[in-house]
Amino acid sequence: MIYYIAFVLIGIGLYGIVSQKNLFKQLVSLTIIDTAVNIFIVALGYLHGAEAPVYSSVTPLANFVDPLPQALVLTAIVISVGTLAVAAMLLVHIHEEYGSVDAEEIRAAKEVIE
Amino acid sequence: MIALLVAVPLAFGFATVALPKLSRYILPLVTLFNLVLLIGFIHPVQVLEIGKWPAAYGIVLVLDSVNYPFLIFVNLVLFALSISAMFEDKLGVLLLVLTAALNGLLLTGDFFNSFVFLEIIAVVAYVLASQNKNYYAAFKYLIFGSVSGVLYLIGVVSLYVYAGTLNMAYIGFIASPEYVQVAGIMILIALLVELKILPLGLWAPDVYSNGSTVTPVALGSAVTVAIFYLFSRIFFNVLEPVKPLPVYILSLISVLFAQLAAMRQKTLGRALAYASIAGASTVMAALSSGALGVEKIASAAYLYLLNEAISMFILFTIYGYLNHKGFKNDSVAGIAFSLASISLIGFPLTAGFWAKINLLAALFEAGDYILPAVLLAATVIEAGYLIKWNVDLWYIDNDSQDEEREKTYLPFGAQVVVLLFALTLVIIGFMPDLITMHTDKIASHIFDFKTYFDTILKGGM
Amino acid sequence: MSKLVEFFMNLELIDWIFYLVGGLMVVFSIFAVEAKRIFDSVLALSAVSLLSVLLFIVLKAPDVAITEAAVGSGLASAVMIFALFRMKAGEKK
Amino acid sequence: MRRIWAILISVVFLHFFIGTYFPTLPEFGNIDMYRRVSFDYISKSTTTSYQPVEYKKSKGLEDGSANVVTSIVVNYRSFDTLGEVTVLFAAALGVGILANIKKRRIEFEEHKVLSVATGMIFPLILVFGTYVFVHGHLTPGGGFPGGTVIALGFLLLMLAKNEFKVTDAAKHTEQVAGSGYVLVGLIGMAVVGVFLANFLPTGTIGNLFSAGVVPIVYTLIGFKVGAELSSLVSDMREGDKV
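Residue numbers (UniProt numbering), protein chains in the order written: chain A, 1 to 114; chain B, 1 to 461; chain C, 1 to 93; chain D, 1 to 242.
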């Protein structure tokens, strides 16, 4: 079930990237994809009836879900936010340069420059 | 010991962030240190289990006869780049990070680790691509690159689900082939985007033609070579090859389309960018040709890749400095440029000649006649536009702008590097055995999964 | 019809949460992609991110949930909104 | 036209994933833990034979953090985390390089309530962030969220006090913490002989002073991420500094 949610979200993100002319929307769609993939990966490690993978006074003995996908997702989240920051800065520059973040208007502005 | 190849550039990168002026001088020193370490002190075969965790659990770094030549070449390119290129101070820190990431990507024996290094390279590449106010192209690259990164991640994680580990050798041993195919498709698409095979590499022409002396060289000569290594490692060595036919056809179309597009370009930068795409596609076509697993084809393909990388280094560096100003004032650059173009076309007595002849011979032997035909047609087109550009640049008339003349020299460091690389091409042209010796070795080991697996199994030092 | 009722009767709590949160996420992300104003789509994005935090908690991944809450919906939205402000500042001139 | 293409691509994509990819996956919530390396991560027996771990009782394990995710992130797969830190580093550096826009900075109107409230909350946020990364090996959390919380605290300060700027001190923190991480790895290389190896005793699982180098590394990461992200946000706001 959760697989389908994740992949529908990825599909929406992909649709957004291809269909939207606004570059900012493309970035938003990209972030949706990242979130969806993270959900999918965590779901791959889920085990029915298991606990969160932390030894504590509540769970002194091991009956845990798979911790490795969670560790991978931690890395993936940080990587995606790094990419996002660079992308946001690039967008600011594009807006500075062409006065717009719309792909077609940028193309028009480029032709004027050339 | 081999961890130093990653740790040292990284440590210096972190340390110089507050004083970026230093990084300009540290970068050549660090890459030189890496080269000395590689040539003098560490030799294949070495396995390092990081943190002392056994191979299936932790991350292993492997140095064997396959990645050793690649490591030397990539560090050499970065060393040359640090001398020849012109960049702002802060980019020096970024290039140190790139050095560490490329070394890590070449050494790693772990799928997720390779994803992390690919992403470091990608983030660095986005920033590099935005040099010279090329922001829109960089953003396009970012979108393409991030989507491919997501696909790579899904592929890697599904390999973990199938095999229960992330170690490349163990996955190749455990995971069942029909499942691996599905994950392989995703990883393959991700790598094809980075290797700029055409429908997936539409970002490349704009990024490569930004006229900087860093971007096309770092991306085209260092990163592409490293990713070709990763491709060979994953699909020849570790996993079963994913049905190669679609990739083969895609690459063939990409070669022809890129060459035709290169012919029609009005600026040299874009023409070179398309030529670079065509080169990468040719190597890809050769590696994925129907006769998969033939060592001779792989060996010739690696020679082709080397020739491509060195020639493109020269051409892009000179284009970055001189733009369209011609060689009247700087005949050293002109000679290097012409030698590189000749080698790229494949005239006799250059490295390109042997690359193409070896490739053709190996393909004929294996009974593949489509790629040779495409290759010959591509060579004719390539010869056409490269000779045209050479003639244009040699006989261009810019006497009228006296003020500009002073500026159209290459800096001394760049001249030396470019000339040395051009000489290398000629020397390989006279003595191809120098290189074919190594490429044969790579090719004979890359299809040998058993040796690789045994190396990992035996573990650390 | 009876099959549909049966289907919903047999759902456990965790499935209900998935349907509810997942459905909301899909709605919000469609809104984020199709919204007219960019500001709205950034807000919808951070809503998607917050809902995913809920899913992470249900999936027994507290570490990921905390990181996503701080990084994904906190910092990422801040970065995007700052970028938007920058562009607005350019337009006024 | 563009939308039709987009729908087509998404449908092809979903078709591939649902038709070809999903059958290869295990059923949701029904995975086989014994076939995965995680099983040994949880019981902390990658180098020793299997032995169940008990909270506050097991001693001298190969890895001593009660939070298994942390033990993977900072110990078993520490090299990945080094790479992850590097991605963030490269991104912050890239934003710094790209920040040279000739545009005035983003100004905020100072608000009395906000600035007074921030004065009270800001230290609490810092304490909370520090708590999150110092206890990363015991409770959920760790260096990345902890550092981000600190950066968000600085963001709040930026919103409340218009003059506030992140100074070069952030860059120096980043420098020291980043090199410190590599240095910890190199010390491991000197003491144990392998890069990033744990060279401290792991103690009793569940105690604050346990888990060897893990808390040290997470603290360094916390400082580094905090400094990096605050300077990233500040760079985005300030524009051309020169």
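Simulated from the structure, these hints should not be mistaken for laboratory data. Check before you lean on any hint, since a few could be wrong.
As the list claims (entries may be wrong) - On the chain C side, residues computed to face chain D include the following (Cβ under 7 Å):
#1 LEU20
#2 GLY23
#3 ILE38
#4 ILE57
What the hints assert, rightly or not - Cβ pair distances, simulated, as ranges:
#5 THR451(B) with GLY99(A): 21 to 27 Å
#6 PHE8(C) with LYS165(D): 52 to 58 Å
#7 PHE7(C) with ARG2(D): 33 to 39 Å
Unchecked claim - Pairs of lysine-lysine residues, derived as DSS-like cross-links and limited to a Cα-Cα distance of at most 25 Å, are as follows:
#8 LYS110(A) with LYS325(B)
#9 LYS296(B) with LYS110(A)
#10 LYS90(B) with LYS165(D)
#11 LYS88(C) with LYS171(D)
#12 LYS3(C) with LYS140(B)
#13 LYS165(D) with LYS21(B)
#14 LYS328(B) with LYS388(B)
#15 LYS59(D) with LYS88(C)
#16 LYS110(A) with LYS140(B)
#17 LYS110(A) with LYS3(C)
#18 LYS21(A) with LYS21(B)
#19 LYS21(A) with LYS3(C)
#20 LYS171(D) with LYS90(B)
#21 LYS133(B) with LYS21(A)
#22 LYS21(B) with LYS171(D)
#23 LYS296(B) with LYS441(B)
#24 LYS88(C) with LYS110(A)
Keep in mind that this is a model prediction, so the values were computed, not measured. All C-beta atoms in this analysis are idealised placements derived from N, C-alpha and C, irrespective of residue type, glycine included.
We went through each hint and held it up to the structure:
no., hint, result
1, LEU20, "violated, 17 Å"
2, GLY23, "violated, 17 Å"
3, ILE38, "violated, 16 Å"
4, ILE57, "violated, 10 Å"
5, THR451(B) with GLY99(A): 21 to 27 Å, "violated, 59 Å"
6, PHE8(C) with LYS165(D): 52 to 58 Å, "holds, 56 Å"
7, PHE7(C) with ARG2(D): 33 to 39 Å, "holds, 37 Å"
8, LYS110(A) with LYS325(B), "holds, 23 Å"
9, LYS296(B) with LYS110(A), "violated, 47 Å"
10, LYS90(B) with LYS165(D), "holds, 21 Å"
11, LYS88(C) with LYS171(D), "violated, 29 Å"
12, LYS3(C) with LYS140(B), "violated, 48 Å"
13, LYS165(D) with LYS21(B), "holds, 23 Å"
14, LYS328(B) with LYS388(B), "holds, 16 Å"
15, LYS59(D) with LYS88(C), "violated, 58 Å"
16, LYS110(A) with LYS140(B), "holds, 15 Å"
17, LYS110(A) with LYS3(C), "violated, 58 Å"
18, LYS21(A) with LYS21(B), "violated, 40 Å"
19, LYS21(A) with LYS3(C), "violated, 43 Å"
20, LYS171(D) with LYS90(B), "holds, 13 Å"
21, LYS133(B) with LYS21(A), "holds, 21 Å"
22, LYS21(B) with LYS171(D), "holds, 14 Å"
23, LYS296(B) with LYS441(B), "holds, 10 Å"
24, LYS88(C) with LYS110(A), "holds, 21 Å"
Hints 1, 2, 3, 4, 5, 9, 11, 12, 15, 17, 18, 19 from the list above are not met by this structure, while the remaining hints are.
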